[in-house]
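Participant: The whole structure should be built from the sequences, with the hints applied where relevant.
Number of protein chains: 2
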Amino acid sequence: MLSKNKVNQLCSLHQKKGRNLQNLFIAEGQKLVQDLLVSDLRVMEVYFVEDGKLELGSKLGLDSKFELDRLSYFVEIAAEDMKKISALTTPTNCLAVVEIPDYVLDKQALLGKLSLVVEDVRDPGNLGTIIRIADWFGIDELICSAETVDCYNPKVVQATMGSIARVKVHYLDLVKFITEFKGVKEMNGGRSKGLGNTSFEIYGTLMDGERIDGVKLSDKGLIVIGNEGRGISDALQGLLTKKISIPRFGHVEPKRGQAESLNAAVATALVCAEFRRG
Amino acid sequence: MLSKNKVNQLCSLHQKKGRNLQNLFIAEGQKLVQDLLVSDLRVMEVYFVEDGKLELGSKLGLDSKFELDRLSYFVEIAAEDMKKISALTTPTNCLAVVEIPDYVLDKQALLGKLSLVVEDVRDPGNLGTIIRIADWFGIDELICSAETVDCYNPKVVQATMGSIARVKVHYLDLVKFITEFKGVKEMNGGRSKGLGNTSFEIYGTLMDGERIDGVKLSDKGLIVIGNEGRGISDALQGLLTKKISIPRFGHVEPKRGQAESLNAAVATALVCAEFRRG
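Protein sequences, first through last, are from chains A and B. 26 is the number that my numbering gives to position 26 of the first sequence; each next residue is one higher, with no gaps. 86 is the number that my numbering gives to position 86 of the second sequence; each next residue is one higher, with no gaps.
Hints were generated in silico from the structure; no laboratory data involved. In this text, a Cβ means the ideal position worked out from N, Cα and C, and glycines have one as well. Please note that the accuracy of each hint is not assured.
[As the list claims (entries may be wrong)] Ranges of calculated distance between the beta carbons of each label pair, as one might list FRET restraints:
hint, chain 1, residue 1, chain 2, residue 2, range
1, A, Leu88, B, Gln237, 28 to 34 Å
2, A, Leu88, B, Asn8, 26 to 32 Å
3, A, Asp213, B, Val75, 44 to 50 Å
4, A, Arg122, B, Lys17, 30 to 36 Å
5, B, Lys17, A, Gly214, 48 to 54 Å
6, A, Phe74, B, Gly52, 54 to 60 Å
7, A, Lys176, B, Leu54, 35 to 41 Å
8, B, Glu260, A, Leu88, 17 to 23 Å
9, B, Leu206, A, Ser233, 37 to 43 Å
10, B, Val175, A, Gly214, 49 to 55 Å
11, B, Gln15, A, Lys182, 42 to 48 Å
12, A, Lys16, B, Leu54, 31 to 37 Å
13, B, Ser3, A, Cys11, 36 to 42 Å
Facilitator: In structure tokens:
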């Protein structure tokens, strides 16, 4: 049985304060734990319930891909203990405790690829889905404003379906970052070196932007995703170099209040798909 | 103050059983209530909190578009009563009670347009987002399996952001419906009459389907959306006439467990966008 102290320590990881103090986060479910075990992240502990559905050897990737010595603990617990430490309404049969990675943002590398910039997305499900979309479309860096929901929030981690193990998420002051970044870009002559001949742009989706299916899209740049309710802030809008929009079907003016907007994650997916159309 | 009976009656609408018994559902927030008031749905009651932010006349659309006599009740209540009847963690300043519409599915009309078929989508946020996406892309009918989450569940209604007022949702036995529908289609010679020259297809997204960006897509047909975990069932797969897939970027085989799938609503958006590309 888990000690009361251990339960408290693990439960404190449900909150941002506890995660920051311990520099740890939790991830639940076999698929997610497996993805983390084979990733570059450091899995510190795995708690599991032997329910007949879990095969620790092969299913958790312990046979071939996984180096056992990276784990300090691999602990079998009772279902009632899992209930205590889980952040899910319906707990699964395993929970991993993972070190929060210390990613360094390489601005020069950013010049050669497409990355997402996320401004103040508040809903954990939305941020998790955006991370999953980035992974699907081969985008490996996300730069978030400080006000964006914490990507190690258990609800975000679950919604990524494992993509949190592969996409690097940074938290920064976005106005400062993009302003400085534009300086780096100028030093490189406004173009990234030796990586094709499309220029680097800072894109953002706005109601009055140019229809995305009519714009020549670069394979290098930043795509800014705005907040769920108010979109991209004025401060960031001023830093965009290309304003784009997602066409609504049929009506330029929405018919009797036809959908005015799309969910933030859905809009991200539609924009990324257009960039990756090739 | 609302009577205890009234509070109980309204709270019972948070559950499917209560909604079916009373043939009513609830919708919360000014945007959603406004969209419902100007729609063809019957709003039976509106409860509001006078918090200084609500202007009942113009903001609720009562001035021009709205016929006052459709409402039997328009009731000012205290914030504490709103807290009791609301299904939201953070209640808003208005809540509408709406009659569940009795839509009749017109199979002949379906032959001339694009509609969505939803199989066993369980997450309320996903179904709500799918309804919002349908609205954005000018798709006005959704045919759901009986096991799909109830579209009048408060969480679904909120996630539609008002689109529930414009998209018609039907619940049917899908295998029976599509089998019969194929019969109707045959009677029409496999093509719908006088509506362009593309044929009617039953599409579904599968891992091994043809890349959607390489397929000639019809502007008439059914698009089947599968369950979040297991996709489209074998029974429905057997009834598809075109199997399509959404291309993942970069790798045919996912790299070290790269995202294997997309969220159901995200996949729906990507497919609809491709159909509406024109």
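Participant: Look at each hint and say if it fits the structure.
Facilitator: Hint-by-hint comparison with the structure:
1. Leu88(A) - Gln237(B): 28 to 34 Å: Given about 30 Å between the Cβ atoms, the range holds.
2. Leu88(A) - Asn8(B): 26 to 32 Å: holds (30 Å)
3. Asp213(A) - Val75(B): 44 to 50 Å: Check passed, 47 Å falls within 44 to 50 Å.
4. Arg122(A) - Lys17(B): 30 to 36 Å: holds (32 Å)
5. Lys17(B) - Gly214(A): 48 to 54 Å: holds (50 Å)
6. Phe74(A) - Gly52(B): 54 to 60 Å: Between phenylalanine 74(A) and glycine 52(B), where Cβ atoms are some 57 Å apart, the hint holds.
7. Lys176(A) - Leu54(B): 35 to 41 Å: Holds - the Cβ-Cβ distance for lysine 176(A) and leucine 54(B), about 38 Å, lies within 35 to 41 Å.
8. Glu260(B) - Leu88(A): 17 to 23 Å: About 20 Å separates the Cβ atoms of glutamate 260(B) and leucine 88(A), which means 17 to 23 Å holds.
9. Leu206(B) - Ser233(A): 37 to 43 Å: holds (40 Å)
10. Val175(B) - Gly214(A): 49 to 55 Å: 41 Å Cβ-Cβ, so the 49 to 55 Å window is violated.
11. Gln15(B) - Lys182(A): 42 to 48 Å: Violated, since glutamine 15(B) and lysine 182(A) (Cβ atoms, about 53 Å apart) do not stay within the stated range.
12. Lys16(A) - Leu54(B): 31 to 37 Å: holds (33 Å)
13. Ser3(B) - Cys11(A): 36 to 42 Å: holds (40 Å)
Checked against the numbered hints given earlier, the structure breaks hints 10, 11 and satisfies all the rest.
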